[in-house]
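Spelled out, the chains give:
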Amino acid sequence: MGAVYLPSQFGVMFLPLANVQVKPGDKLRITCQYSHIGQTDSQPLYAAIGNEGWAGFNEVLHGSKTINVPENATWNYHEEYIDITITTAISAGFYDLYTKIGGTFPKVISPTLLDVVEVMAETPESEFGEISITDYAKV
Amino acid sequence: MAQYADIVEILAPGEAAGGSRVDITVRIKNTYSSAIGIMVGGALEYGVSPWPDISFPDPSANVDGGATHSFSGYFTMPDKKVTIHAYSYYYGGDGSWHFDDEMTKAIDIAEEIESEFGSIEIVSYARR
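In the order they appear, the protein sequences are chains C and L.
By our numbering, the letter at position 28 of the first sequence is numbered 28, and the numbering carries on one by one without gaps.
Add 1000 to a position in the second sequence, counting from 1, and you land on the number used in our numbering.
Each pair of labels, with its calculated beta carbon distance range:
| hint | chain 1 | residue 1 | chain 2 | residue 2 | range |
| --- | --- | --- | --- | --- | --- |
| 1 | C | TYR77 | L | GLY1092 | 58 to 64 angstroms |
| 2 | C | ASN76 | L | SER1049 | 37 to 43 angstroms |
| 3 | C | GLY103 | L | THR1025 | 44 to 50 angstroms |
| 4 | C | PHE94 | L | THR1076 | 56 to 62 angstroms |
Far from chain C by the CB rule (all over 10 angstroms, computed), these chain L residues:
| hint | residue |
| --- | --- |
| 5 | GLN1003 |
| 6 | THR1031 |
| 7 | GLU1045 |
| 8 | ALA1061 |
| 9 | ASP1079 |
| 10 | GLY1093 |
| 11 | PHE1099 |
Selected chain C positions facing chain L (Cβ under 10 angstroms, derived; list incomplete):
| hint | residue |
| --- | --- |
| 12 | LEU17 |
| 13 | ARG29 |
| 14 | GLN33 |
| 15 | LEU45 |
| 16 | GLU79 |
| 17 | TYR81 |
| 18 | ILE86 |
| 19 | TYR98 |
| 20 | PRO106 |
| 21 | PRO111 |
| 22 | VAL117 |
Keep in mind that the hints were calculated from the coordinates and are not lab data.
Glycine is no exception: its CB is placed at the ideal position from the N, C-alpha and C atoms.
Could you put together the complete structure from these sequences and hints?
See the structure below:
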């Protein structure tokens, strides 16, 4: 079970989240919501799978695309998705997820969702192990 | 003081973004005792010469005595503060339009807000 830790008036709130199982060849679609004000803008939307640690987020796989934001005279919320292709570069296990807008110097970064992606081991190639006679009768 | 075609007011926003269309209304009152032809005109003062005209699709109307008519117009906001000059004319018995009144109104250039992102959060994630 994944989780996200959110600051609240009571300290840190633990919000349990369902995890999603993926395996190499799949795509993980991440939908995010962001707020914007001001002139039209084009910025990279970026999402990554990895592990949050004391030294930051250790990315394993990521996806990015350019979003074109219309002019907003007041704060407006927009929704956008981004796909991450699951490859064999990631080993089986539980991983964290985050998104951001902007390049080297991000404009905004989302809270990290902990342990929400479970990467399953690749299904092995077809292989037959043994065969034995279980019955014999006249037909 | 106008003789017959008194400009009552100019309705326009206090500010507008450069390059945007600005819609205005000029309200002109016929102070004469019976109906006369009234025409509106307008120009923009912001440091260029000659002053660009304001477009009024229906610039003239027959207005009853004592009535006020609203003339709609528009222009493209330049990249600096502009002063609207609205003019009124009445149609005289000599078959000519006669200048009568003028009113001005300033429109500031709206400050454009730089693009800014406030927050982002993941709302869902799913295998495709």
